[in-house]
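There are 2 protein chains.
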Amino acid sequence: MSKQTIYYTLTDEAPALATSSLLPIFGAFAKEADIELKLTDISLASRVISSFSDLLPANQQAEDGLKFLGDLTASPEANIVKLPNISASLPQLNAVIKELKAQGYDLPDYPENAQTDAEKDILARYSKVLGSAVNPVLRQGNSDRRAPAAVKGFARKNPHSMGKWKKTSVSHADYMRDGDFYSSEQSVTMGAAQTVNIEFVKKDGSVELKKSLPLLKGEILDSMNISCAKLRAFFEATLQEAKEDNIMWSVHLKATMMKVSHPIVFGHAVTVFYKDVFAKYGELFKEIGVNPNNGLGSVYDKIKTLPEAKQAEIKQAIEDVYNTRPELAMVDSDKGITNLHVPSDVIVDASMPAMIRGSGKMWGRDGKAHDAKAVIPDSTYARIYQETINFCKTNGAFDPVTMGTVPNVGLMAQKAEEYGSHDKTFEIAEAGTMRILDAQGNVLMQHAVEKGDIWRACQTKDAPIRDWVKLGVTRARQSDTPAIFWLEEERAHDNELRKKVTTYLKDHDTSGLDIRLMTYNEAIRFSMERIIRGEDTISVTGNILRDYLTDLFPILELGTSAKMLSIVPMLEGGGMYETGAGGSAPKHVQQLMEENHLRWDSLGEFLAVAVSFEELGIKHNNEKAKILAKCLDKATGKLLDTNKSPSRKAGELDNRGSHFYLAMYWSQELAAQTENAELAAKFAPLAKVLAAKEDTIVAELAAVQGKPANLSGYYNIDLDAVEKVMRPSATFNQALATL
Amino acid sequence: MSKQTIYYTLTDEAPALATSSLLPIFGAFAKEADIELKLTDISLASRVISSFSDLLPANQQAEDGLKFLGDLTASPEANIVKLPNISASLPQLNAVIKELKAQGYDLPDYPENAQTDAEKDILARYSKVLGSAVNPVLRQGNSDRRAPAAVKGFARKNPHSMGKWKKTSVSHADYMRDGDFYSSEQSVTMGAAQTVNIEFVKKDGSVELKKSLPLLKGEILDSMNISCAKLRAFFEATLQEAKEDNIMWSVHLKATMMKVSHPIVFGHAVTVFYKDVFAKYGELFKEIGVNPNNGLGSVYDKIKTLPEAKQAEIKQAIEDVYNTRPELAMVDSDKGITNLHVPSDVIVDASMPAMIRGSGKMWGRDGKAHDAKAVIPDSTYARIYQETINFCKTNGAFDPVTMGTVPNVGLMAQKAEEYGSHDKTFEIAEAGTMRILDAQGNVLMQHAVEKGDIWRACQTKDAPIRDWVKLGVTRARQSDTPAIFWLEEERAHDNELRKKVTTYLKDHDTSGLDIRLMTYNEAIRFSMERIIRGEDTISVTGNILRDYLTDLFPILELGTSAKMLSIVPMLEGGGMYETGAGGSAPKHVQQLMEENHLRWDSLGEFLAVAVSFEELGIKHNNEKAKILAKCLDKATGKLLDTNKSPSRKAGELDNRGSHFYLAMYWSQELAAQTENAELAAKFAPLAKVLAAKEDTIVAELAAVQGKPANLSGYYNIDLDAVEKVMRPSATFNQALATL
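So the protein sequences, as listed, match chains A and B.
Residue numbers for the first sequence follow the UniProt record's numbering, so the first one is 1 and each next one is one higher.
Residue numbers for the second sequence follow the UniProt record's numbering, so the first one is 1 and each next one is one higher.
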């Protein structure tokens, strides 16, 4: 039997730190089944370094781990465990550049206004690293995401806290009724393979080619536009309304993933909210390089170069705004960080579920939770949050003890409905027409646009859609659960998809299955009506709803989306096993640095690696791998039941301690199983030693806590230094080494 | 050609007064087509008198008009125009008795606690008059109700006022989650015709027969129970919550129509709200005959026999309650009349649409409109109001200019789902079991009950259901509009209906029609999503939803339900044409008495009589009747377009003036039509004279206004006296007499 390989990703922040402790355990167990776990670095820092490796000395160069894994996805042998990574906003990118330069990497600064060819080259390299740069490369399959039975069972027995909902809550989601992507979407399905041209036609009739786009037969192409004027009018109207109704104002975007469009939208929110400040100091701000798309933080940052008196004047002008505007939701009221300070602080898919879980409230300047107007400009998806809020006002908060589950089958293979569609998104420089011409020069779609509008195209290939329909039917059959395709006739793109879905459903045996197509509001309402009756419903959705729903429902059902099992069955036959979201990972790192306690929960890794083993077991007829998988799942269940997940408090069991218990339970399960005597014999001594030394090991792991931990970097961590921090129990390390 | 007859009902209040002016016009025009309009008295007063005619002197006796019409419904010749009548609450019944006694009728008082056989006989006679006593007798067909095109068009061109909705409105509908009719409903379909027994089994095992009920094969029988303890706990919880949330409290019931169950529910609302008062004075109240089911008004009424000091003490105790309870919605804040004063003041099917039309607000003690918690205990139908409120918070107020329409096909023939099911409703005297046994003595359904619970059974025959399904399909075909059967699987009764509907739909050609079965929330949401897109949706519903929806949508679409066309195609082939609701009729009478201005709009009568003519025309091949009908509809449209409907203000055109214009336009249309020269010739002179004397007639009609009008009774009106008031234009009367 040839050696089989699991590619385990090294990412960023807390998940990367946890890997230092967890991977040695996985590796030690796996080698008994002739499986090797190879660490592949796709951290933000390594992606920056590899982008500039041709300009760096040999000892600083790095392999492009992301490219390696991307190539691997084309192989049926691909078996990748993918941990959460940073989707870098510009401030984060600037931070990593700063850190690497301090570490001696001679990297160029990010050129905000690239003029020369050299600057443009630098900008292009950095642009590839920004935002959601990893997932489009690796996700060469559709997504199958669900709460594993053990996790759901644990949540039912140990429900997380849920804020009560008042029937008189005034919280709501507010969105554009006109002028947004939803209202303007157009969509066509390509009758033949061809290259289409995206063009901008100026008022004088001159034509500028923005992009040529090769498309396959059957590919769906969309185009849409957000009106800058209507967006700003919408922000202003919501502010007036919030002021009049005395409700807190809170904007929810996705400026990280939607790295081209949403920072601009965020910038408009900033300049509309602080319009008095920008009216008075706008010219000065331009001179000193303030970029509102980077948030109000950019103002505070850039004015540091000004005389102190001027700084004070500007700061006072900002403070004065709070007297004329409604209360603004805070990210950190202690530190005065508002919703508008940093574009990456409030990310809609995590922030809205958190708001809904927390009685529909956001945090105010007074450090207290208040009802809020959640402003989510594009109505395409914003409506599902309003539907959910209305549902909670009517039926009260969801109850984790009794609620059903909503797993997701998401369309995302081959960059289907690519998130943000960065390379096809344009901020419009002057009034004119954006249009797409087919190979014969016929206009497929066009939009009249004004200066400042954000126009984008989006593509979805046919093969992933076929695969997605198949996966939806398969999941409905496997779990005997109704499956709802969230596709609405009023949306142009969905209408094209509806035709394909209706056709491709006929390729499958759907007898006895409950498979339906519904509008988003109908679908979420149907799912919620079922969920409060303890019933499950599979959501079969496009890419963005996939992303939103696999945060929304898990956060309500499980308290976190990190506990979800996320499988990407690749189109080419391989598999990727993604682990939970890293939304709160930065706070985790901070706590580790301050008091050497890592609260990160590696549950997602436990679940993913089990499926990864199982898949190898089935593919290569590797019985030991199957047993490793089965016992790992049992160990995970036991770990949950015995409450050995990381605590949030220094001095108590943390990430490292939970890894120890996983190893102990896993070895016990392996020793106790009777399917494979060799494995049982192999793990019995370890099981015995870990049980015997449990107190010692837990004490060693606790002893290091309470004082600062020394990490040699935040983004570009030193693995040796991190290992010293993350593997402090000599007793545990020695026991593991005996395998 | 034999003479054909339209039976035109004399009812109560404003509609009865309007009849004095309008019927002579209809009669004069109709005789040209050999049609006679016969006035049949079914007023509350006449029903009381006829119930006691055997005890009254000959000159005071009255024919039982209701029985006459009820018998007529069995004939295919039945052609009845039915105007709104009083569904008497107990206070209204007491008022009519008082008035009749003052007029010299030697009637017994209503025996609240009937003990002797004589008293029980009196009670039985009065009980037949109480509540919804007319409709069950006359409605021997299902209901087809819609906004006529002319009316809908007029509303689009002349939209009524609609209160804006705030996204931050805290108004909501609140209902029981457990212990109500909805939660406890059981239902069976009879396999064979038989008589079933409703029994009460005491804790000691003894059995009391409550009622024997003969049922037909295929008849659906339901039983359900409201828990008194849970109802009172629900009221208390809503009060606590409203107090805590600082929102006005407002109870919405249907104590008139649901004359057995809802006064009891209303009484619980009164005694829970004023629990401190009833705790302290409950015994005294019993002694002096306070009946909380008659509202707080009963307290104020009965304490008049007490010493002034005691009265003041009790009044102060009532005032003190307002300090401990949330603000209570007011019916008339100027006069201090609260939501809890009189059971007939706030009737859910009219009050909730009015609240929704008025920004979701009710009136407070300060005379201003405030957001409110609308308390509607039984969740069966309350949920549709919450869904509507959430919809308005999300989408804003409905826009009469652009909104679609929701006509209704309602199941009601042969007392289907009889409203309130009075004769099968029981307030439970002690803990035990209510059960229904079939003819073989098998238990069909049973409920454990406690003292104070309200248990009821409800029956629905098969033939009306078949006819209703047919009518639904017919309407869907005629108007090419989606038709939704509002039937939900979670409701026991609906589940039985779903089986029948699914079966009977197969009897019809439904090809190309969009006919669906939906839950109430789905159905109202579907209808509202369509309505804001300008699309129409037929609601095909049971009896109570029929009643609720034909107020809700008309009030939103047209500003009133009085403008709806309401047809009852009788099972036996005849037809009844019902005219609009009389919700605000008492205020109209008051205005007439004070300043001789009647604002009642007879539009419903215009529409109904046109259909009544048309039906006779078709049935008897009476071409003149068809032309009368067609020209009447045109005249009605012209009257709307020229704004000749009654004004609300004394001195301006009122009900009588609008009748004049109808006659003028109608005669003009008849003179101008070319289908029948004889009719044209007949009406040309009248058309000419009315046009010539328009100013004179309008002046004569205006001249009488501004001073009190002398009516010789409120309930038992003197037709001669009323005619003097209602036909004051000698010029108009003379012109009409020339026909």
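Hints in this document: simulated from the structure, not taken from any laboratory.
Remember, predicted model here, so these are calculated numbers, not experimental data.
Among the clues, some could well be false.
One copy or two, it doesn't matter: identical chains are merged, so the pair holds either way.
[Unchecked claim] Derived pair list, reagent style BS3-like, types lysine-lysine, alpha-carbon separation capped at 25 Å:
1. 638 - 202
2. 243 - 368
3. 164 - 230
4. 164 - 619
5. 499 - 335
6. 120 - 451
7. 217 - 634
Hints, verified against the model:
With identical chains, the CA atoms of residue 638 and residue 202 are never at most 25 Å apart, being 65 Å at best within one copy and 52 Å at best between copies. Taking the shortest alpha-carbon separations for residue 243 and residue 368, both the intra-copy value of 18 Å and the inter-copy value of 22 Å come in at or below 25 Å. Taking CA atoms no more than 25 Å apart as the test, residue 164 paired with residue 230 passes between copies only; the shortest distance there is 22 Å, against 36 Å inside one copy. In this homomeric assembly, residue 164 and residue 619 never come within 25 Å of each other (Cα to Cα): the closest approach is 47 Å inside a single copy and 63 Å across copies.
Neither within a single protomer nor between protomers do residue 499 and residue 335 lie at most 25 Å apart by alpha-carbon distance, with minima of 52 Å and 63 Å respectively. Taking CA atoms no more than 25 Å apart as the test, residue 120 paired with residue 451 passes inside one copy only; the shortest distance there is 23 Å, against 84 Å between copies. Within a single copy, residue 217 and residue 634 get their C-alpha atoms no closer than 47 Å, and across copies no closer than 58 Å, so neither meets the 25 Å cut-off.
Violated hints, listed in ascending order, are 1, 4, 5, 7; each of the other numbered hints is respected by the structure.
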